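Spelled out, the chains give:
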Amino acid sequence: DAKTTQPNSMESNEEEPVHLPCNHSTISGTDYIHWYRQLPSQGPEYVIHGLTSNVNNRMASLAIAEDRKSSTLILHRATLRDAAVYYCILRAGNSGNTPLVFGKGTRLSVIA
Amino acid sequence: GAGVSQSPSNKVTEKGKDVELRCDPISGHTALYWYRQSLGQGLEFLIYFQGNSAPDKSGLPSDRFSAERTGGSVSTLTIQRTQQEDSAVYLCASSLRTKGHQETQYFGPGTRLLVL
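Residue numbers (my numbering), protein chains in the order written: chain A, 1 to 112; chain B, 1 to 116.
Partial list, computed: chain B residues near chain A (C-beta under 7 Å): (1) 42; (2) 95; (3) 104.
Source of the hints: derived by calculation from the structure; they are not laboratory data. A quick note: this is a predicted structure, and the numbers were derived from the prediction, not measured. Just so it is clear, CB atoms sit at the ideal spot from N, CA and C, and this is done for glycine as well.
Bound conformation, chain A alone:
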């Protein structure tokens, strides 16, 4: 899987939007962009994934650059419960059930 680069940490105020960036300049045409997050003392949980078009779900939005070399996870209104480590992961198009390759992720702190 191609490599991703994320800031080590970010901080946000509660109830404000958060934009978590991820660079993946070596992404291939068939790689999907996945985001997982890990809340304190819990296992990771799936957030969202996409290929080319922007994606929305109940948890977040994923904005993918036109050249696909970067993407941004958007939390529309951060809450204290969103404090976690967020991982941006690339998966090959036919990877199906292969293991996830986690980087160091971005530790998001949310301030009340």
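Mind docking chain B on chain A? Use the hints.
Just chain B now, with coordinates in the frame of chain A:
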């Protein structure tokens, strides 16, 4: 429905002893994974099982580590002759379908292992 469960939630053992960690995946999930997260380290893949295929053991750090999956469901990760560097959180995950889909992995809460 029930998520992935792991037991025990915490395990303290003495160096040199063997330990067994258990994972109950989500019912019907064909793939099961073990990962390890050491203090200050990222998540690293250990082993994964896909249906009836031979497991991918490429992430196991040494031959002291082994895992089995009985009946395509429950899995046990065994660490023999534990060392202090084995202290970590061991996470299990499962996912549903087969190759060709971008399957979500569902993680359990982990087993926190401390080797004294």
